[in-house]
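Chemist: Respectively, the protein sequence lines represent chains A and F.
The letter at position 188 of the first sequence is residue 188 when you use my numbering, and the numbering goes up by one with no holes.
The letter at position 11 of the second sequence is residue 11 when you use my numbering, and the numbering goes up by one with no holes.
It cannot be assumed that every hint is accurate.
As the list claims (entries may be wrong) - Quick list of simulated restraints, FRET-style, between CB atoms:
id : chain 1 : residue 1 : chain 2 : residue 2 : range
1  : A       : 366       : F       : 127       : 55 to 61 Å
2  : F       : 115       : A       : 160       : 25 to 31 Å
3  : A       : 315       : F       : 14        : 38 to 44 Å
4  : A       : 315       : F       : 109       : 27 to 33 Å
5  : F       : 115       : A       : 96        : 49 to 55 Å
6  : F       : 127       : A       : 57        : 33 to 39 Å
7  : F       : 103       : A       : 58        : 41 to 47 Å
8  : F       : 104       : A       : 115       : 33 to 39 Å
9  : A       : 116       : F       : 114       : 32 to 38 Å
10 : A       : 20        : F       : 111       : 45 to 51 Å
11 : F       : 18        : A       : 115       : 34 to 40 Å
12 : A       : 284       : F       : 46        : 29 to 35 Å
13 : F       : 14        : A       : 17        : 37 to 43 Å
14 : A       : 316       : F       : 103       : 32 to 38 Å
No lab work stands behind these hints: they were computed from the structure.
Cβ atoms here follow ideal geometry from the backbone N, Cα and C, with glycine treated the same way.
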Amino acid sequence: MENDVAVLGVGMHAWGKWGQPFVEYGVAAARSALADAGLTWRDIGFIAGGETIRNGYAGYVAGATFAQALGWTGVPVATCYAACAAGATAIDIARSRILAGLCDVALVVGADTTPKGFLAPTWGDNPSDPDWRRFRLLGATNPTYLALYARRRMELCGATEEDFALVKVKNSKHGLANPNARYKKEYTVEEVLESPMVSDPLRLLQICATSDGGAAVVLSSMDFARSHGVPEPVRVSAVSTITPTFPNTVIEMPNFSTDSAATVAPPDLPFRDAIAAAAYEQAGLGPEDLSVAEVYDLSSALELDWYENIGLCKAGEAEKLIRDGDTTIGGRIPVNPSGGLACFGEAVPAQAIAQVCELVWQLRGQASGRQVESARVGLSINQGLFGHGSSVIVTR
Amino acid sequence: MTVPAPGVRLPAIEGWFSDTALLGTRCGACGSYFFPPERTFCRNPACGSADLEETELSRTGKIWSFSINHYDAPAPFTGKAPYTVVAVELATEQIVVLGQLASGIDPATLKIGDEVEIAIEPLADGADEVVWKWKTT
Numbered sequence: 001m002e003n004d005v006a007v008l009g010v011g012m013h014a015w016g017k018w019g020q021p022f023v024e025y026g027v028a029a030a031r032s033a034l035a036d037a038g039l040t041w042r043d044i045g046f047i048a049g050g051e052t053i054r055n056g057y058a059g060y061v062a063g064a065t066f067a068q069a070l071g072w073t074g075v076p077v078a079t080c081y082a083a084c085a086a087g088a089t090a091i092d093i094a095r096s097r098i099l100a101g102l103c104d105v106a107l108v109v110g111a112d113t114t115p116k117g118f119l120a121p122t123w124g125d126n127p128s129d130p131d132w133r134r135f136r137l138l139g140a141t142n143p144t145y146l147a148l149y150a151r152r153r154m155e156l157c158g159a160t161e162e163d164f165a166l167v168k169v170k171n172s173k174h175g176l177a178n179p180n181a182r183y184k185k186e187y188t189v190e191e192v193l194e195s196p197m198v199s200d201p202l203r204l205l206q207i208c209a210t211s212d213g214g215a216a217v218v219l220s221s222m223d224f225a226r227s228h229g230v231p232e233p234v235r236v237s238a239v240s241t242i243t244p245t246f247p248n249t250v251i252e253m254p255n256f257s258t259d260s261a262a263t264v265a266p267p268d269l270p271f272r273d274a275i276a277a278a279a280y281e282q283a284g285l286g287p288e289d290l291s292v293a294e295v296y297d298l299s300s301a302l303e304l305d306w307y308e309n310i311g312l313c314k315a316g317e318a319e320k321l322i323r324d325g326d327t328t329i330g331g332r333i334p335v336n337p338s339g340g341l342a343c344f345g346e347a348v349p350a351q352a353i354a355q356v357c358e359l360v361w362q363l364r365g366q367a368s369g370r371q372v373e374s375a376r377v378g379l380s381i382n383q384g385l386f387g388h389g390s391s392v393i394v395t396r
Numbered sequence: 001m002t003v004p005a006p007g008v009r010l011p012a013i014e015g016w017f018s019d020t021a022l023l024g025t026r027c028g029a030c031g032s033y034f035f036p037p038e039r040t041f042c043r044n045p046a047c048g049s050a051d052l053e054e055t056e057l058s059r060t061g062k063i064w065s066f067s068i069n070h071y072d073a074p075a076p077f078t079g080k081a082p083y084t085v086v087a088v089e090l091a092t093e094q095i096v097v098l099g100q101l102a103s104g105i106d107p108a109t110l111k112i113g114d115e116v117e118i119a120i121e122p123l124a125d126g127a128d129e130v131v132w133k134w135k136t137t
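Please model the entire structure based on the sequences and the hints provided.
Modeler: Put into structure tokens, the structure is as follows:
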């Protein structure tokens, strides 16, 4: 496709709770991606950084922070923040620069160092911040919203706590062989269901942790890839960064309410479905073409929602997929072969890039111990706070 | 600092609720409702009118979903776990609004679809500030 760009290199710093400055993880991931691409930092014509909001000013200008740490070369830079979607947005900026002919090769980096416990408002005692207000007035943590969706799913689709546990069990098994995963322990349904209840109906082992980590990709034009001796690279064939369409009738973090559907009918596709649909349309592909998917399992229940949002099954049928093992490696359409957020925890500005790293390894056949056989098309998806869509389709 | 007279209840946030109802706005041009009150321009992209009027929202609605929290949320939350957050569908406005569950109600008795009614209660036990909550009818 004429709008494809090549993925020449991918790299990560392992997820964990290392307690080091985020810059170290970003630089390690960047160097790893550059080595994977067979390029040096001085070959890079553009750098995009995913911003981290919990690491002081250096985090707000992450693109320049990484560039300084790698050594100033005069390369143009952009830094972007889109919450969980920051990595996909950074990839989209880099892709656009390449497709516009403004550079041949771009480096995209995201890294985070996160505090322990619930993610909390960042900007201090600031009643004008909607994020401050939801904690102050409601105590509405992120798991609070995830639990609202989970209970709704139980009511409408007949999901059970066991179904949610099965997602964690599957992902914990997938992540065992992933050297970059933070949690490498295989759980049983019983262990998941015995873990402490956090936001009923979600338990501790069904909610993703917050982690430190870094991820990077090197993108280039298809012409550059060919001249670099990579005639058949894994390609980025779509990046969807759409916003919702009014009225958005699903209650979203960090909002107090949905939009009103009193006078305007809701859009045909709810936001999460629309994120995937936009990616499929760009790539000229559909759910039937997928070999593998990396979806944002902030909770194990949310993974089931994503199955339907990306068209792996009809609404209300995701429980059957997980029960039948369809989304396990070896099944019809493996989901989160990396182990997902269940095994990583979330390093916000790095996570969407990490999803793409995994898909690239899968499509190259380099996902040792967790390889999806003959993977040709992969989709990643997630959603950033306040309405940032994020989906990337890679093809081979 | 103004010291309130005894018995006067301080809203935890200005302009979002009265003594008896949530306060939203309604667009005079297209009829869309907004909560929290939108006071500048209508957010329906086909409208954009500046004609937004304050209006009391429905005092009752149906439970869309709820979440029972067993750990204290971080600051600036001042309450104590366990506490429950309820998402409530308002029929006239066709919106879903969050709120804490009112005190003295066992969340184990809640079901999706149950009718609830607004209550104005202290933000947390012993707090001077009040906020809207939802109680079963």
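Chemist: Take the hints in turn and mark each one as holding or not.
Modeler: Structure-based check of each hint:
For residue 366 of chain A and residue 127 of chain F, the hinted distance range of 55 to 61 Å is satisfied, since their beta carbons lie about 56 Å from each other. Restraint check, residue 115 of chain F to residue 160 of chain A: a C-beta distance of roughly 26 Å satisfies the suggested window 25 to 31 Å. The given range of 38 to 44 Å is respected by residue 315 of chain A and residue 14 of chain F, whose C-beta atoms sit roughly 41 Å from each other. The supplied range of 27 to 33 Å is met by residue 315 of chain A and residue 109 of chain F, whose beta-carbon atoms lie about 29 Å from each other.
Here the CB-CB span from residue 115 of chain F to residue 96 of chain A is close to 50 Å, well matched to the stated 49 to 55 Å. A C-beta distance of roughly 35 Å is found between residue 127 of chain F and residue 57 of chain A, which places it inside the suggested range of 33 to 39 Å. For the pair residue 103 of chain F and residue 58 of chain A, the beta carbons lie near 44 Å from each other, so the given range of 41 to 47 Å is met. At about 35 Å, the CB distance of residue 104 of chain F to residue 115 of chain A agrees with the hint of 33 to 39 Å.
For residue 116 of chain A and residue 114 of chain F, the Cβ-Cβ distance of about 36 Å falls inside the hinted range of 32 to 38 Å, so the restraint holds. For residue 20 of chain A paired with residue 111 of chain F, a C-beta distance near 48 Å keeps the hint of 45 to 51 Å intact. Take residue 18 of chain F and residue 115 of chain A: their Cβ atoms lie about 38 Å apart, and the range 34 to 40 Å holds. For residue 284 of chain A and residue 46 of chain F, the hinted distance range of 29 to 35 Å is satisfied, since their beta carbons lie about 30 Å from each other.
Judged by the Cβ atoms, the range 37 to 43 Å given for residue 14 of chain F and residue 17 of chain A holds: they are separated by roughly 40 Å. Checked against the given bound of 32 to 38 Å, the beta carbons of residue 316 of chain A and residue 103 of chain F, roughly 36 Å apart, stay inside it.
Hint compliance for this structure: every hint is met.
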